[in-house]
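Engineer: Protein chains in written order, with the numbering used here: chain A, 22 to 207; chain B, -2 to 178.
Simulated from the structure, these hints should not be mistaken for lab results.
Quick reminder that beta carbons are idealized off the backbone N, C-alpha and C, glycines included.
Do not take every clue at face value.
[As the list claims (entries may be wrong)] Chain B side only, calculated, beta carbon under 10 Å to chain A, not exhaustive:
(1) K6
(2) I7
(3) K42
(4) T52
(5) R58
(6) D102
(7) T103
(8) G156
(9) D158
(10) I162
[To be verified] Have a look at the derived ranges for each label pair, beta carbon to beta carbon:
(11) A132/B / E163/A: 28 to 36 Å
(12) D31/B / T141/A: 21 to 29 Å
(13) D203/A / E20/B: 34 to 42 Å
(14) D177/A / M57/B: 29 to 37 Å
(15) G91/B / A148/A: 26 to 34 Å
(16) A132/B / D177/A: 50 to 58 Å
(17) K201/A / I136/B: 42 to 50 Å
(18) I81/B / R44/A: 20 to 28 Å
(19) S149/A / D137/B: 43 to 51 Å
One letter stands for each residue in the lines below.
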Amino acid sequence: MTDQPALPKDIDRILLDEQTIQRRVRELADQISADYADAGEIVLVGVLKGAFIFLADLARRLTIPHHVDFIALSSYNRGAVSTGAVRLIMDTRAPVTGQHVLIVEDIIDTGYTLDYLVRTFRARRPASLRTCVLLSKPERREVDVPVDYLGFEIPDVWVVGYGLDYSDQYRTLPYIAALKRDVYTT
Amino acid sequence: MGLAEDVAKILIPEDVLQARVAELAQEINATYTDEDRPLLVCVLKGAFMFLADLTRHLEMRHEIDFMETSSYGAGTVSSGVVRILLDLERNIEGRHVLIVEDIIDTGRTLDYITRNLRTRNPASLRICTLLSKPARRVIDIPIDFVGFEIPDEFVVGYGLDYAEIYRNLPFIGVLKEEVYR
């Protein structure tokens, strides 16, 4: 593991390096562990594909009993433009009624996806429902969704790594980087 | 932490595990090129933690996809046939596919998944597993990358669960018998 990795050609700059991310993930896990100390058990719902690395690291740092579950979503697109409507491709394995649910997402942008998830899970009558999001782009927000645990606020640039992709590329970089603007605007 | 108290012994400590994951990634780096752009197929849920660590060491261009399966019940155990709850997002025809598993036991389910994926005509299909229990094997499947061969004991941690618990232990441990009896 090198401190100064050679950057792939489409990468403009590193926004959050590996140590910074790991330190923040640990802080989030400590805070979540403290907040749910008396909850008994919680369910972490990871949103595929983007959240799998964040979830893997976060779960390992938790000191409270928890289950891990996954959901897969896709958005309905009109041409290349997202309409904000979300389709549930795979639901959680276990029912969440009466459970303490923590939705784990990689990024909140417009907020449509997270808003959809919160409304979907609230309808299932969990004992409690909170959201944990690694990255937020406040400039892009169109719907107001409460984020209970937030890793970092970032500017409105296309970010990749640590679960986030550009056409499925760069998803597993151990750091979070901004893509060169000409890569995604042409 | 309470969970660790249910573990009779640590089979693979965290540092040994992490070192081996990095080695496996080097073996995979030596196998594929950027042009191959392999698709790593993760079978949920057990393998997600292994996948998260393994892929951060990969150097070639690659993509990730997920499958989730569930068994139909007792009657289909011997055939390995499972219900696919989440199929791959990507069409794998002509692609180099690497299945990433947490553990291979009898091999029946993996054999079924492998046969299912082969019908889609991938360019190549390889298997990477963190753990293998050779003593339990019923179907002989060629495994290309193996992290550790382990004895036939009830193991948990690093993605592997017992009744959904213990997945987040950072090591591989053997569960105390009184916990699952």
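Engineer: Each hint should be assessed against the structure and marked as holding or not.
Structural biologist: Cross-check of the supplied hints:
Below 10 Å, beta-carbon pairs count as interface contacts, and K6/B has none with chain A, the closest being about 20 Å; its hint is therefore violated. Hint on I7/B is violated. Least Cβ distance to chain A is approximately 15 Å, over the 10 Å limit. With its C-beta approaching chain A no nearer than about 6 Å, K42/B sits inside the 10 Å limit, and its interface hint holds. Residue-level restraint check for T52/B holds (minimum Cβ-Cβ distance to chain A is 4 Å; threshold 10 Å).
Of the supplied interface hints, the one on R58/B holds, with its beta-carbon coming within about 6 Å of a beta-carbon of chain A, less than 10 Å. Checking D102/B against chain A by beta carbon gives a least distance of about 20 Å; that is not within 10 Å, so the hint is violated. Taken as an interface hint, T103/B does not check out: its beta carbon lies about 22 Å from the nearest beta carbon of chain A, beyond 10 Å. A hinted interface residue such as G156/B counts as satisfied when its beta carbon comes closer than 10 Å to some beta carbon of chain A; here the least separation is about 8 Å, so the hint holds.
Interface restraint check for D158/B: the shortest CB-CB distance to chain A comes to about 8 Å, inside 10 Å, so the restraint holds. Contact between I162/B and chain A, as hinted, is supported at the beta carbon level, the nearest pair being about 7 Å apart and thus within 10 Å. Taken as a hint, the range 28 to 36 Å is violated for the pair A132/B and E163/A, whose Cβ atoms sit roughly 56 Å apart. Checking the proposed 21 to 29 Å range against D31/B and T141/A shows it is violated: the Cβ atoms sit about 39 Å from each other.
Distance hint for D203/A and E20/B: a CB-CB separation of about 37 Å, consistent with the stated range 34 to 42 Å. Look at D177/A against M57/B: about 30 Å separates their beta carbons, and that is inside 29 to 37 Å. The hinted window of 26 to 34 Å between G91/B and A148/A is violated, with their beta carbons roughly 48 Å apart. Range check, A132/B to D177/A: about 55 Å between beta-carbon atoms, so the 50 to 58 Å window is met.
The given range of 42 to 50 Å is respected by K201/A and I136/B, whose C-beta atoms sit roughly 47 Å from each other. Taking the beta carbon of each, I81/B and R44/A are about 39 Å apart, not inside 20 to 28 Å as hinted. In this structure the supplied range 43 to 51 Å holds for S149/A paired with D137/B, their Cβ-Cβ distance being about 48 Å.
Checked against the numbered hints above, the structure violates hints 1, 2, 6, 7, 11, 12, 15, 18; every other hint is satisfied.
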